[in-house]
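Peer 1: Given next are the chains, with one letter for each unit.
Number of protein chains: 2
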Amino acid sequence: MSDDPSRNESSDDSRDQRHKARMERKKAVVDQAIARADRDQGVLLVLTGNGKGKSSSAFGMLARALGHGMQVGVVQFIKGSFSTGEEAFFRRFPEVRYHVMGEGFTWETQDRERDVQAAAAAWDKARELLADPEVSLVVLDELNIALKYQYVDLDELLAALRNRPAMQHVVVTGRGAPQALIDAADTVTEMQVVKHAFKDGIRAQKGVEL
Amino acid sequence: MSDDPSRNESSDDSRDQRHKARMERKKAVVDQAIARADRDQGVLLVLTGNGKGKSSSAFGMLARALGHGMQVGVVQFIKGSFSTGEEAFFRRFPEVRYHVMGEGFTWETQDRERDVQAAAAAWDKARELLADPEVSLVVLDELNIALKYQYVDLDELLAALRNRPAMQHVVVTGRGAPQALIDAADTVTEMQVVKHAFKDGIRAQKGVEL
Chain F
1 MSDDPSRNES SDDSRDQRHK ARMERKKAVV DQAIARADRD QGVLLVLTGN GKGKSSSAFG
61 MLARALGHGM QVGVVQFIKG SFSTGEEAFF RRFPEVRYHV MGEGFTWETQ DRERDVQAAA
121 AAWDKARELL ADPEVSLVVL DELNIALKYQ YVDLDELLAA LRNRPAMQHV VVTGRGAPQA
181 LIDAADTVTE MQVVKHAFKD GIRAQKGVEL
Chain W
1 MSDDPSRNES SDDSRDQRHK ARMERKKAVV DQAIARADRD QGVLLVLTGN GKGKSSSAFG
61 MLARALGHGM QVGVVQFIKG SFSTGEEAFF RRFPEVRYHV MGEGFTWETQ DRERDVQAAA
121 AAWDKARELL ADPEVSLVVL DELNIALKYQ YVDLDELLAA LRNRPAMQHV VVTGRGAPQA
181 LIDAADTVTE MQVVKHAFKD GIRAQKGVEL
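As given, the protein sequences belong to chains F and W, one line each in that order. Quick note: the first sequence uses my numbering, first residue 1, plus one each step. Quick note: the second sequence uses my numbering, first residue 1, plus one each step.
Treat the hints as calculated values from the structure; they're not laboratory data. Be a bit skeptical, because a hint or two may be false.
Put simply, identical chains are the same to the list, so a pair is met inside one copy or across any two.
[To be verified] Below, simulated DSSO-like cross-link-like pairs (lysine-lysine); rule was C-alpha separation at most 30 Å, straight line: (1) K125 <-> K148; (2) K26 <-> K206; (3) K148 <-> K195; (4) K125 <-> K206.
Sequences and hints are given; from them, build the entire structure.
Peer 2: Structure, rendered in structure tokens:
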């Protein structure tokens with residue numbers, strides 16, 4: 001597709017020069033932005049929206065943090081009863097404190113009282129991680145769902161986030177992040193569905209979704 | 001909730017009952033969708049958009065796949081010169097075939113000819129992985145950027161994707177996915193920036209971005 005028959009060597013040369021000029025301008029912009037961004041601090045990331053990739057992104061950050069020799073913590077709200085590939089994987093590592101809320105999706109249990117108790121236990125674990133300066137990254141997976149059903153108190157969460165160790169990073173996932181959490185966050189990504197294999201009759205596949 | 005006649009009652013019991021009824025309806029919908037989605041096949045996922053989380057999501061899927069004991073392959077286009085946490089991490093595993101294109105971001109090198117050669121070597125590695133039925137998941141990280149600069153030929157990519165092993169999953173990341181790739185994909189997520197810490201002067205942090 002890039003083979004334009006009219007293109008000769010000299011136009012290749014000028015193409016290369018245009019490329020170089022464009023890249024020089026781009027590098028200047030990037031370098032300036034990097035020079036401006038000179039603070040180190042723990043960041044609060046929120047990954048929300050209906051699209052696929054929220055939890056897997058948080059788990060990718062876990063892998064990154066482990067690559068840097070960090071201690072990390074994970075609390076899986078809601079998704080507890082699933083035996084996911086990442087749980088099997090990350091449990092191998094002593095640097096990972098892994099807590100799964102035991103009761104699965106809310107529409108599976110259909111029992112609010114049981115969900116509330118399971119969420120309270122998960123929140124206790126999260127609070128512990130958010131108070132521990134040894135833990136460099138805390139993933140609170142599907143917490144937004146627990147907030148939506150008011151299984152976890154939003155104000156209590158915001159206070160725990162404000163008071164956490166200064167260099168601790170926190171990643172919160174789940175669709176429907178509340179506005180107050182978005183306001184408190186440093187980085188927020190909204191993941192939008194463009195298309196989804198599930199709708200075409202392909203079931204969730206091991207390795208990419210389970 | 002407006003369809004629930006018991007909503008004027010304020011006891012916990014009625015709240016729990018409403019919850020149960022709502023969750024029963026939700027479970028029925030979810031169960032139907034699951035029953036309809038009964039095919040197993042390799043899926044092509046595209047993670048695009050300007051928001052944070054595309055590459056980390058792909059790396060989370062790698063962790064998932066490793067949790068299932070799968071063989072996986074990674075080719076990092078463009079980002080090669082960065083020594084990222086995930087590279088340090090995933091190189092520990094013999095199940096991971098990891099290939100990094102050696103030349104870093106295009107605006108760092110500013111040399112189109114060198115980029116083209118590095119991309120060609122990376123594409124050779126990708127083509128090898130896409131032809132190997134032993135490899136269950138292939139991550140082509142930042143390939144969309146290489147496509148945009150025409151370092152990799154789109155038609156050649158689409159042919160390699162069509163002809164890959166039937167059960168092989170492929171994840172392509174990078175902003176600006178071309179429409180033909182989106183058309184070919186099973187699942188596409190567009191990651192949108194709601195806010196980004198970098199703009200507030202916080203530099204990229206180890207564990208979450210590096």
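Peer 1: Let me make sure I understand: some of the numbered hints might not hold for this structure. Which ones are they, in numerical order?
Peer 2: No hint contradicted; all consistent.
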